[in-house]
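Listed below are the residues making up each chain.
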Amino acid sequence: MTPAPKTYVRPMNRWWMRHPAYRRYLLREGTSVMVAAYALFLLAGMVCLVLGETAFNLWRGFLQSPVSVIFHLAALAAFAFHAWTWFKVMPLTTPPMRFRGRPVPDRMIFRAALWAWGIASLVLLVLAMRFL
Amino acid sequence: MRARSHEPIVWSLFGAGGVFAALLGTMLVLIIGILVPMGLGFGPDAMHYDSLRSLFGHPLPALGLAVVISLFLFHGAHRIYHTLHDLGIPASKKMMLACYGSAAAGSGVALLLAGMLVVF
Amino acid sequence: MQVIQSDVVIIGGGGAGLRAAIAVAQEAPGLSVALVSKVVPMRSHTVAAEGGSAGVIHPDDSLDKHFDDTVSGGDWLCEQDVVEYFVGQCTREMIQLEQWGCPWSRRDDGSINVRFFGGMKSPRTWFAADKTGFHILHTLFQTSLQFPAIQRYDEFFCTDLLVEDGRLQGVLALCIATGEPVLFQCKAAVLATGGASRVFGQNTNAGIVTGEGMGMAYAQGVPLRDMEFVQWHPTALPGSGILMTEGCRGEGGILLNKDGHRYLQDYGLGPLDPWPRPRAMELGPRDRLSQAFWHEDQAGRTLQTPHGTAVHLDLRHLGEKKIMERLPMICELARTFAAVDPVTAPIPVRPAVHYTMGGVLCDVHGATPLPGLYAAGECSSVGIHGANRLGSNSLAELLVFGRAAGLSAARHARETPAASAALQAQAESRAAVHLDMLRREGGTRVARLRQRLHEIMEAGVGIVREGPRMAQACEQLAELREQFRAGVALDDRGRAFNTEWLTAIELGHTLQVAEAMAHAALLRQESRGAHMRIDGFEARDDERFLCHSLIHSQGDAPPRVTHSPVTITRSQPRARVYGGAAQNQS
Amino acid sequence: MSQTRTIMIECLRYDPEQDQAPHYRTYEVPFTDEMSVLEGLQYIKDHLDGSLTFRWSCRMAICGSCGCMVNHQPILSCQSFLRDYYPARIRVEPLEHFPIVKDLVIDQSDFLGKLESVTPYLVPAQPLTPEDGPNLQTPRQIEDYLGYAQCINCLLCYAACPQYGLNNAFTGPAALALLARYNADSRDAGQKTRMEVVNAEEGVWGCTLVGLCSEVCPKHVDPARAINRNKINSTQDYFLRFLAPFGRGS
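Protein chains in written order, with the numbering used here: chain A, 378 to 509; chain B, -8 to 111; chain C, -6 to 579; chain D, 5 to 254.
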């Protein structure tokens, strides 16, 4: 073959600055940091629970602090954004479905997921009010 | 022959974690972090040591909590691992071990604690 | 110079070239095939074909009907023995494509669906919605990938055919990325470079359809045949020339003048009712429809648009569902390029150059008079289109004759000794001529020359033709070629991906092809098919002109035109009638 | 003729024979309402600077030649209109994530190799000849793959995919969509061969579902869907082989 022509390869540095969709994507991926952090926070609660009442009350007391409120508001935003984006892309990952011969439109799947979200949240709330 | 990726293992855990986080996460955070401390809909005795101890003395809630924590951790680990790559920190064996290793360790601890809560 | 040895070289990676390459790879697995294309194959102009491809499969249809429609559509200038072979092979090729994965549109039971096209007695057009060419091309390209014998040279621009000892032995190409000349030494070559519609300004064709394949063969003494027959497609968007497929009319679309009148009934294509019916009104042949437009335009009954006059193509009565199912791309194109939604408004359309009926002379096997050189597809004149090509026959042609040319080339390659050594010197000297263009100072810009070419052709050799204006066009083309030889001004003097330079080389070929068209048109003193004269030669003249034009290159001098007989087997020329009159006849 | 205005078009320029790195050059282009970005570039080439290099052919959004970045958005220049950017100046660059050959021309050979790697043709269950007649396939069966068969290989999706930019071993959106097209075809029996490509690290697992590929696709092919549905298939394939280690080799 003729020698390959000289080409110029552009660097990828700060690629997320190039398109708003990239920044939305990183934000979506970023929610996972909060998810992991919240898991650790719950894990800490478990540890405290095992250690005994004194330890647990420290954890329980932390919940009242402004730091905790800020942390939880941030976590709330992260989880809500995660849920929204998760449901948005869900139609892309589900196998093709048909209803009465027609393909199920994406927005139906999204809406169904929102309903599931609402119901699951409600059930959790009711259970929590009953058992906590 | 192309090498088969082992991604399906972590991807399944990531996916399960994502579903749990999406369906339950918001309400979980709302209850624990906002409603209970502010006393909205919950009495001052909510989430008291004794009531939680007895609740998580049952295997099902204890195991459930451990599984939720574990899946959240894997969900986080998976996305963090890939996003670090996106941000220019090359994906490596070491990085992989750090991310998924800590998730696995955290999961082990959670399961252990759940066991202790049930047994003791 | 880099030399690549190959048994068969295929020039052009469109439908015909890919079909030929696959034919060689399948039938002669021992041979090496070089598929040399100036664009990556799926960019070829086959991709833009919309409506469909002919093949007899409908229960009401027959090979005889396909034969008759083709021969009468071509105004009896067809090689009837070739048409006979062609119609017999079409359906086989359509089925072959189906088995390679082409998503032909189907009926509910899963069988093939066919639609009407202009000039057809029965529905015969296989279609894949309104992206038939796209699906055919991608199916062929993807299918070709399973044959390791096919070595692709994407973005290699062929400049010359190299002849030694009276037979074709090589092809000179430029690797576009580097600008380096490459010699393909071969035992046979298949020319599949497409048509030359870019000779004209307003056309439906891609920018790559510049006729250099015809030019290369012509320069080596292979005659071009029937070049005066240029097809104007009646329904293209004004300005851009983007095609609104004949399928629009096949599905029931109608043409209206500015008064909302279906004017085709005034041009021997009526009466209006019963409607729809084959070979009548909007389902008449393309030449008649384009000519009818010209008359309406002369009578001032066309609409004014920013890009010239137009008539309305109305699809609204088909309803949104049918339009979206059968003509989705037309909808998108009209919305994007004409700001018209066909569901709610008629589309302004006018004729634009669409197809070159003529081309490199070849026989039913694709063999040209030059041993070792074969041709297929629009660049060839195998003889099935005559004076006017029937819609749907060009995609079928690529497949039938692409395969035939591939098989012939393979056979020839097997029986031929290797190329001679003298070839390299010839290649070097031809390459030097092209490379020299990069160093020459002064001259005229490519865009200016091209603009001038378009003006000359549209004024002199348009839909409607007159002797003096054609004669003037011939003179002006000679001057333009002189101007071209005097030098082309290039801003880009580098070798790497120099499209300005390649366009200049291309233009050299295009100018010769234009000249061939004009001279052949001037000498044809009759009206036949797409060649319509209004200077006393309004009628068909079978006495003097039931013959092909053969155009021979005379180097820098204007070409020499001779005539050759037409093969007539079973259909004697008769009046070519459509509309109500056609029914009375049959 | 609609009114003529003037727009500034800033083009990335790179001449491999002269330049070490790309630079930008701005042209003043008169335009009318119906002029596309491609026609703007053609105006520059014809009248202002014959050395500006770009690919184009069909000018009707079907050949896939003329993709480029306009203001960081991958588009087909033939179906994007200058009026929609005016009065701002526009910046035209070659498609992201591909090596630049010259000016707006990128090297597409890597993509072509990927396309070839996915067994992008029908693999019939048993050999057929035209004499066997056409297969039956209902409109509904066609619907299963027709969307994925609309790809014109314009490469906008690769230019939209940061994962391909970060690691070009990734098979990428268009090639994986084509793979899904053949897998979903009722006439095809080649799923097993293609599964190897799907299952690989550089197969569907190179995707993190940024999703922009599907948004920029001018033909609504939706490669993101093709890829992510195959993640499920690949996962099933991964675990099921443990359940049925025998009998899957046939």
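It should be emphasised that the hints constitute simulated quantities derived from the structure, not laboratory data.
Where hints are given, some of them may not hold.
Said to hold, decoys possible - List time: in silico EDC-like cross-link candidates among lysine to aspartate or glutamate, alpha-carbon distance up to 16 Å:
| hint | chain 1 | residue 1 | chain 2 | residue 2 |
| --- | --- | --- | --- | --- |
| 1 | A | K465 | A | D483 |
| 2 | A | K383 | D | D114 |
| 3 | A | K383 | D | D19 |
| 4 | A | K465 | D | E219 |
| 5 | A | K383 | D | E219 |
| 6 | A | K383 | C | E173 |
| 7 | A | K383 | D | E21 |
| 8 | A | K383 | D | E205 |
| 9 | B | K84 | D | E205 |
Given the structure is predicted, the values throughout are model-derived calculations rather than measurements.
Hint check results:
1. K465/A to D483/A: holds (9 Å)
2. K383/A to D114/D: holds (15 Å)
3. K383/A to D19/D: holds (10 Å)
4. K465/A to E219/D: With Cα atoms ~14 Å apart, K465/A and E219/D stay inside 16 Å; holds.
5. K383/A to E219/D: Violated. K383/A to E219/D sits at ~32 Å, over the 16 Å cutoff.
6. K383/A to E173/C: holds (13 Å)
7. K383/A to E21/D: holds (8 Å)
8. K383/A to E205/D: violated (29 Å)
9. K84/B to E205/D: Answer holds: K84/B to E205/D is near 14 Å, not above 16 Å.
Violated hints, in rising order: 5 and 8; the structure is consistent with all others.
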